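A.B. asks: Read top to bottom, the protein sequences are chains A and B. Last residue of the first sequence: 203 in our numbering, with the numbers rising by one and none dropped. Last residue of the second sequence: 99 in our numbering, with the numbers rising by one and none dropped.
FYI, nobody ran anything at the bench for these hints, they're computed from the structure. Don't take every hint at face value.
To be verified - Which chain B residues stay away from chain A? Per the calculated CB distances, all over 12 Å, these:
#: 1; residue: ARG14
#: 2; residue: LYS60
#: 3; residue: TYR91
Stated by the list, open to error - Restraint-style ranges between C-beta atoms, simulated for each label pair:
#: 4; chain 1: A; residue 1: ILE24; chain 2: B; residue 2: LYS93; range: 33 to 41 Å
#: 5; chain 1: B; residue 1: LYS51; chain 2: A; residue 2: ILE24; range: 21 to 29 Å
#: 6; chain 1: A; residue 1: GLN14; chain 2: B; residue 2: THR39; range: 48 to 56 Å
To be verified - With a Cα cut of at most 27 Å, we get these calculated DSS-like pairs of lysine-lysine:
#: 7; chain 1: B; residue 1: LYS97; chain 2: A; residue 2: LYS92
#: 8; chain 1: A; residue 1: LYS92; chain 2: B; residue 2: LYS93
#: 9; chain 1: A; residue 1: LYS89; chain 2: B; residue 2: LYS40
Fair warning: this is a prediction, and the values are worked out from it, not measured in the lab. Just so it is clear, CB atoms sit at the ideal spot from N, CA and C, and this is done for glycine as well.
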Amino acid sequence: MHNNESKPETFDEQQSIQVIREMIQVSQKKLKNDGILFILWGWVMFCVYVGSYILSRAVLSHSLRNVLNYSGYLLGILALAFTVYYILKHQKRVQTYIGISLRYVWISMAVGLILVNLIQFNVLHKIIFELQQPIFMVLIAFATVITGGILRYNMIIIGGIIFGILAYGCSFLSLQNQMLVEALAWIIAFIIPGHILYAKRDK
Amino acid sequence: MFQELDPLLHSQVRLAIVSVLVGVKKAEFSFLLENINTTKGNLSFQLSKLKDAGYIEINKSFRGNYPLTTCEITKKGIDAYERYVETIADYFKKSQKNK
């Protein structure tokens with residue numbers, strides 16, 4: 001597509017359309033997602049919920065219980081640190097509206113989780129975890145469905161819908177059993193789609 | 001009677017630049033160079049022309065020790081691009097009718 005101002009241009013309407021088509025494809029190439037963050041958060045949350053379930057059932061010493069509890073927090077912090085590192089390292093040479101939209105969706109979701117806790121505490125003067133978990137799941141399901149819609153990946157949309165349905169199901173269960181259902185939800189909505197995206201990534 | 005195409009956009013390289021920028025928020029010079037497949041000098045020249053017309057904004061900064069040029073389409077650029085696409089679409093519609 002070389003072009004010099006000194007040369008007369010022989011550029012007709014057909015070629016215009018061709019250029020526009022090619023360049024739209026260039027912009028769309030940037031929509032591809034390698035699923036790494038889906039896999040990371042899927043496995044981290046799966047481990048946290050399965051770990052919490054085991055902790056709630058097993059008879060453990062106080063110190064061991066504390067160590068395991070703090071391991072969960074540490075895992076979350078490490079995952080967050082990796083997420084920030086990954087986003088900065090893979091900052092593309094082009095900033096798309098898709099990327100910006102996804103950032104807003106997930107940051108709003110995180111703020112939403114904090115607000116739910118604050119509102120619950122203001123109204124009930126305590127945190128009821130049996131209520132908190134399904135509401136958190138609804139917010140995550142909401143963000144997941146939007147992400148799937150933006151990226152145009154049906155499996156993420158379906159995963160998000162199942163996540164939402166499981167959130168409703170959780171409202172019938174005890175906190176202990178909610179942990180197991182939530183671990184299952186993370187497998188369905190994050191781990192499986194994440195691995196599929198990773199397998200299909202541009203190598 | 002066909003509407004006249006914007007001469008500033010009716011050039012392969014400039015149309016390609018604007019077509020990429022209309023779909024993204026910002027793009028680096030190296031990204032445009034890689035996808036538009038023209039020479040560095042020509043890309044710089046065409047970018048300046050678009051900038052002078054107010055169709056794009058060019059931001060020069062540094063990443064580490066290396067200069068970094070990023071380009072962003074302006075409202076005027078988007079309007080001009082939309083008009084250009086409409087004119088082209090109109091051209092094809094009328095050509096079809098005349099067949």
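A.B. asks: Indicate, hint by hint, whether the structure satisfies it.
C.D. replies: Going down the list of hints, with the structure as the test:
With 12 Å as the threshold on Cβ separation, the claim that B/ARG14 sits away from chain A is violated: the shortest Cβ distance comes to roughly 8 Å. Every Cβ of chain A is farther than 12 Å from the Cβ of B/LYS60; the closest lies at roughly 15 Å, confirming the non-interface assignment. A beta-carbon of chain A is positioned within 12 Å of the beta-carbon of B/TYR91; the least distance is around 5 Å. For the pair A/ILE24 and B/LYS93, the supplied restraint of 33 to 41 Å is violated, since their beta-carbon distance comes to about 20 Å.
Range check, B/LYS51 to A/ILE24: about 23 Å between beta-carbon atoms, so the 21 to 29 Å window is met. Restraint check, A/GLN14 to B/THR39: a C-beta distance of roughly 24 Å breaks the suggested window 48 to 56 Å. Taken as a hint, the B/LYS97 and A/LYS92 pair is broken in the structure, with Cα atoms around 44 Å apart against an allowance of 27 Å. Proposed proximity of A/LYS92 and B/LYS93 is contradicted: the alpha carbons are some 38 Å apart, above 27 Å.
A distance of roughly 26 Å separates the Cα atoms of A/LYS89 and B/LYS40; the hinted pair therefore holds under the 27 Å criterion.
Going through the hint list in order, the structure does not satisfy hints 1, 3, 4, 6, 7 and 8.
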